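Asks: Next come the chains, spelled out residue by residue.
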Amino acid sequence: MTPPFNTPPAQPQPANTAGKKRRAALFPLRLFSIDHRIIGIQYLVLALISVVIGTVLSLLMRIHLVWPDWHLPLHGPILPEDYLALVTIHGTIMLFFVLTTAPQAGFGNLILPAQIGARSMAFPTLNATSFWLTAAALLILLSSTFVPGGAAISGWTAYPPLSAVASSGPGQALGMDLWLTSIALFAIASTVSSINTLTTIIRNRCNGMTWERLPLTVWGWFTAALLSIIAFSVLLAAILLLLCDRHAGTSFFLPTGDLVNGVLHQGGNGSPLLWLHLFWFFGHPEVYIAILPGMGLTSMLLANFSHRRVFAYRTMILTTLLIGLLGILLWGHHMFVAGLNPFASSAFSISTMAIALPAAAKVLSWLATTWRSKPSYKTPMLFALGFVSLFLTGGLTGPILAQPILDEYLHNTFFVVAHFHLIMAMAGIFGLYAATYYWFPLLTATSQHPGRLFSEPLGNLHFWCTLVGAYAVFLPMHLTGLAGEPRHYAQLTGIPGPGGSLSPAGALLSNTLPLNRFITYAAIFLATAQLVFLFNLVRSLRKGDFASSNPWQATTLEWHPSMNPFPPPSASDTPEMSVHRAPCHYQSNRSEVSFLPQWEPVPLALDEIEDATDTKPE
Amino acid sequence: MPATITPNKTEQDRKRRVEDHDNGSGRRPPTDKRTGGGGDNDNWNDRPNGRRGPYERLHRYRMGLFFALASDLMFFVAIVSTFFVNQSTGHFDPYNHYVNEWLPTTIPPILWLNTAVLLLSSAAIEFARRNMFRETDVMDEWLGLGKPITRRALPWLAATIALGILFLTGQWIAWRQLALQHIFFKTNQSSHFFYLITGVHAVHLFLGIAGLLTAFTGLYVSRQLETRQILVDGAAWYWHAMGLLWLFLFTLLVFFQ
Ligand SMILES: [Cu+2]
Chain X
1 MTPPFNTPPA
11 QPQPANTAGK
21 KRRAALFPLR
31 LFSIDHRIIG
41 IQYLVLALIS
51 VVIGTVLSLL
61 MRIHLVWPDW
71 HLPLHGPILP
81 EDYLALVTIH
91 GTIMLFFVLT
101 TAPQAGFGNL
111 ILPAQIGARS
121 MAFPTLNATS
131 FWLTAAALLI
141 LLSSTFVPGG
151 AAISGWTAYP
161 PLSAVASSGP
171 GQALGMDLWL
181 TSIALFAIAS
191 TVSSINTLTT
201 IIRNRCNGMT
211 WERLPLTVWG
221 WFTAALLSII
231 AFSVLLAAIL
241 LLLCDRHAGT
251 SFFLPTGDLV
261 NGVLHQGGNG
271 SPLLWLHLFW
281 FFGHPEVYIA
291 ILPGMGLTSM
301 LLANFSHRRV
311 FAYRTMILTT
321 LLIGLLGILL
331 WGHHMFVAGL
341 NPFASSAFSI
351 STMAIALPAA
361 AKVLSWLATT
371 WRSKPSYKTP
381 MLFALGFVSL
391 FLTGGLTGPI
401 LAQPILDEYL
411 HNTFFVVAHF
421 HLIMAMAGIF
431 GLYAATYYWF
441 PLLTATSQHP
451 GRLFSEPLGN
461 LHFWCTLVGA
471 YAVFLPMHLT
481 GLAGEPRHYA
491 QLTGIPGPGG
501 SLSPAGALLS
511 NTLPLNRFIT
521 YAAIFLATAQ
531 LVFLFNLVRS
541 LRKGDFASSN
551 PWQATTLEWH
561 PSMNPFPPPS
571 ASDTPEMSVH
581 RAPCHYQSNR
591 SEVSFLPQWE
601 PVPLALDEIE
611 DATDTKPE
Chain Y
1 MPATITPNKT
11 EQDRKRRVED
21 HDNGSGRRPP
31 TDKRTGGGGD
41 NDNWNDRPNG
51 RRGPYERLHR
61 YRMGLFFALA
71 SDLMFFVAIV
81 STFFVNQSTG
91 HFDPYNHYVN
101 EWLPTTIPPI
111 LWLNTAVLLL
121 SSAAIEFARR
131 NMFRETDVMD
141 EWLGLGKPIT
151 RRALPWLAAT
161 IALGILFLTG
171 QWIAWRQLAL
181 QHIFFKTNQS
191 SHFFYLITGV
201 HAVHLFLGIA
211 GLLTAFTGLY
221 VSRQLETRQI
231 LVDGAAWYWH
241 AMGLLWLFLF
251 TLLVFFQ
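So the protein lines, in turn, are chains X and Y. At position 433 of the first sequence the residue is numbered 433 (my numbering), and the sequence of numbers has no breaks. At position 106 of the second sequence the residue is numbered 106 (my numbering), and the sequence of numbers has no breaks.
With the rest of the complex left out, here is chain Y (with noise of 0.2 Å):
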């Protein structure tokens, strides 16, 4: 077995320890404001990672789902670049004539309508995400005094659920009344896109509200805090995330056809 390098001085004095609470990224101060709970320098950074003090877990799944959200947002990129793509293209017809055949389909007035109500129901989600985090309600369940932070946040989970599915409905009937004037997914190049983008939003929703049921649940089922916040929090962050992109494609579809 080779012996081991003894670094030279220089480098030992240059090199600033992991003992000293500094993780050599040069950012930080030398002492992370976190503390463990343990006393003097006691930083939750230095521990092994599962035992990184109380929103460990919540932080990471966190930046799961915020890069699952930028997935989803390629995928929308991708359908909105075509929508303006097929736009914009057209043929030559029999007289050497280009034509472009793309005919807007008329927005139903019933789409202002579920804009506001997923606008509201981000609201009420937000509601009961905060909640979720209340300092003084999270003792009290942490130290097992009755369960505060639930009963607050159970209403306006319920709400947000309830909101969700009125935005659904509100779409299939706006479906049902573009399918009256006989304008369906095959019908012309502007109607796909109508009804794909619609459609594909809605299935993001049918995902939402099932999270939001799951969680919903969970502030039943899970007796874990924790489980019960990253529900919410999951639920929440998805939600709004699929609120802001139907208020783009709303705009796109009323504004850029």
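Here chain X stands alone, though its shape is the one from the complex (with noise of 0.2 Å):
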């Protein structure tokens, strides 16, 4: 692994020590550092490392779909209760420790400092503490799948009462301790890592970094990390009462002659509707966490690949607050079939569609930015289009699942995995991968060269691949959920009636069977793709272009040429910046592009200036 950007020379080293200094970079003595940098790398390989697992472990659910009878080496047939517990740790992993942590710590510890031109983080040694109650979360999931028992099989949402009896099945006993002991670490880490980036934000912008300056990524952070500090310590609180019930003799989310597993539970009076309220409460912002860094950088990269300003600068700040607003005032939808009073599911219902609106607002910034500009197709543009292209066809369904008559038929079938893996977990991934490609060259610039770009060729190759395959993998979905296909079920096929005739749902099952099998074969591919992106990014890292210090011509402080410098200097010496305006400022008239870095001062030979027509000033 090549060290990250700017990370200064550990020790001035002899000249004719390669052995060693190889040694240096597999086994890193930096391992516990509290550099922002490294830290931030340490993140990404954590969600590298999960994003494989949780990709095999959706494997195996698809294959298992459409193949029951399929051995699993080494493990051999998948029994129900190892379905369940695949749906489990594929969503926690997923969730938490990819679409949570990439896009917040990760590039929030990469870029974040440099984009508000700060020396550091505001709190490096919380920092550190933060990724390693993280990793030490993961180990604590992964560990969950070896105890007596298996993994936790209630999924991530952990739901009583089978949550809170340890009886209720295999795996409820210590692999669900387990896993709510890993989320409780989780929480705290995200929390603690949420104040750094608040803290650092608020306090440690250079000089000229007004708030209406901050380029929108910024903002997609800042909002993020107060969802975080909103809603992870309401989780914390609801995992401690959940872990009251199982080993304290308490029944805050046990009802009472609640029947699970064969054994009366008597005694109770509490409510399994409340878990789902605290545990919504934080659910459906963890959602805007994962998806609002990805919006952010998606309306940076659009200016920055069409050379437009951002359409509305002022009004994309206002919609990324209210849609933080707004993420927290909506966690009912999720409840319309629990049992919910009808008047909370309308005033839920309202609010939910209310998001509607400034997330359309994002769209239209989005598609005013680019429109009738003519676009440099880069890998990273295209993958912030891809964001665009997954957000909107994900979003739309959203309005028909917030209304509580038609989630009523389609809450517990494949309708709602289809919706909330195209625009949470297609959308989000996208943002990751724009992230990537265009970070590269800051990831990667050492002592010895400055950054390097990834393949073009292999990146719209990775683009084209993933597109196709998101759509192919989560449209018929859609349709497969419509016919009726629920959630959760273990086995579709082979379901008999009685005489031995096929049961009407056994025979509903049977008409998707062939849509099912084609979605396995598009995860298939779709997984396949990403190999190409693995390839591609090992390939560069070893052997990619040098990249100029601003390949891309953007206007952002984590491009200015010192902070990407050659041999890149050390955090504490980094030069003191300021800042003269807002990010995105483009021009281009026919052929020829220019552009106003945030940290150019205005110059002044006055007489120059001639029509520039095709920006108006804010």
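Note that these hints are calculated values from the structure, not bench results. Owing to the predicted nature of the structure, the values given are computational and were not obtained by experimental measurement. Among the hints, erroneous ones may be present.
Just a few of them, taken from the derived set where beta-carbon distance is under 8 Å, the chain Y residues facing chain X [unchecked claim]: (1) 64; (2) 70; (3) 90; (4) 101; (5) 186.
Glycine is no exception: its CB is placed at the ideal position from the N, C-alpha and C atoms.
Combine both chains into one complex, guided by the hints.
Replies: Rendered as structure tokens:
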């Protein structure tokens, strides 16, 4: 692994210690570093490991759904409890350790300080602590697979009463405890990391970096961090209560007279609905924590590669904050079928549909920014456009599910799976890919050489395969969902009815089987396409083309020549910077593109100013 | 490499300059009142971060603490909401009657005494905190003329620690008293909450006492005045927040059961 960008040379090394240098690269002594760039890389590596595991698990699920008799090597047939454990661990890993960790903590650490002209994060030691807590949380989660009974089987939402009763199924004893411990640790780590992000943004900005000049990515990180500190501690409280229910004899979530797995639970007077309230008060903002940084980045990339200003910059800041605010007011739409008061359902339905307004405003700004420009279709731009596309297609089904009546029918079907995978998982991953391709030169600059670029042809191949794959997997899921295919069912085929005939359910599902086969093939294709990315990554790390200090003609501070120099300075020597304007000042007439970075003082040669027809002053 | 834009005249005139000590937010006077001490127009705000004057670190730590407390507040909001929800939740018995089995836990009277002790400790830590910032003494310490600040703050800090431990002991006695009446964590719905709320708050106070002890030792160990100020200031705000929180929780347990 090449050291991250701008890494201070650890020690002045003698010239003839190539072996030592290689060993240092393999086992960096800076493993416990408090440098925010190293911590950012560590987060990204953690996310990469997690995404590989999560993808393999999802493939196992897809394969099991269409070939239930398939024997997993070294394991045997996939039993229903194994399938549910796959669902649980896949969801948990992907949501927490990939979609929350990589954009917010990973790229946040790597890029955010540079983008606001700060020397470092506000609390470096705390930053390192939160990374190691996250790593510990991941280890605990993975270890739960190997305990007696296996991993938890109640999905990433861990609904009681099943999750509150250890005897409710295999994996609900020690596996569930480990799951809860892992998520509690993760909640603490994310809170700490968000405190760090917020303080950094508020107090460590450089001279001239006002709120209105903050890049929209920073606004994304800021809002996501605000959501984190509000939401994660509620989850932590809920987990504490659930652990009390499991081990201390309370019954916050256990109703009275509940029969679970043959055991009658008396004396409780709690309410499983309460868990749903607490969990989704966290769970829905969590979705925005995952997607907001990607939204900010998309705005910046579209402007950058279209050589335009971001359309309605201040409104975009406002919509970011508004999405954050509404994001914490609409958790109840996950509970329409759970027995929510109809009046509450209406209120949550309205607040859920209200979020379509700021979201639509964002899409409009993205379209207006690129409209009739002549974008350069580099890979980061392609992924940003892919983000817009997936955000739209995934978002369109949001208002459908926001209506209690429609949700009643669709809630526990694959329609919902398709909805949130398109808008959150796929758009989120596209945001991550855009970030990786875009900032790769900053990730790879070392004291030996400047940053490298990804190979463009391979990047294009990766993009098109991923886009086609994403739609091929998740669009048909809407159809199987509409046909009634339920979620969390280990086996869809061969459900016998009375007298050996197919039951109505079995008949229904046998109709969707061809489509399900197609989805599985497409999923395998989609996963295979990611090998192109991994190959490109390994190849480009070693011999990608060297980038100039500002290869994309970006205007934000992380591309300041002294932030990406050769050789890079140590963090404490980062030169002082001043910011003179909002980002994304571009101007293009026909063939020539000109741009004005945030750090460039206003040139004083006034005479040369001629028609700046294409851009209006803000 | 493409050319760089030159903005047009209106744009140039409109934009205020950083060099004029205007951060562009439009709400500050053109020259900031806070001077960096370097003569004309030397402004703390113009300095690179990390060198923005004596209280830069202090303000940063305060802000971090503020966000941590905000997130902690949400933790307690969640628990208190659970309290109200469970309090009003009942079930239907076999005769189809709705039963609500909430039996309020009687609050041991010693809690009133504990609350008074906690309030006293909050006052004590505030004296300690203010003494850390007495301007003449700060000057003395900076100039190396003894340690007047530390001498002033130490007794108050020690008093806070003692009162804090007294409060926790009082809470423990309250638990013992309830246990003697055979009211335990498991006993009924309301006792779950009594033990949970006091317990979780006590854990927070343990952390607070750890912080106070750190500040206390910091007054001896740390050579930098700013570090000492940060330690006492952070411990104080945390302690105040926990005191305030206790008032809310206590009101809840006494009047809203
Ligand atoms: Cu939701």
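Asks: Taking the hints in turn, state whether each one holds.
Replies: Now for the hints, and whether the structure bears them out:
| no. | hint | result |
| --- | --- | --- |
| 1 | 64 | 5 Å, holds |
| 2 | 70 | 6 Å, holds |
| 3 | 90 | 7 Å, holds |
| 4 | 101 | 6 Å, holds |
| 5 | 186 | 4 Å, holds |
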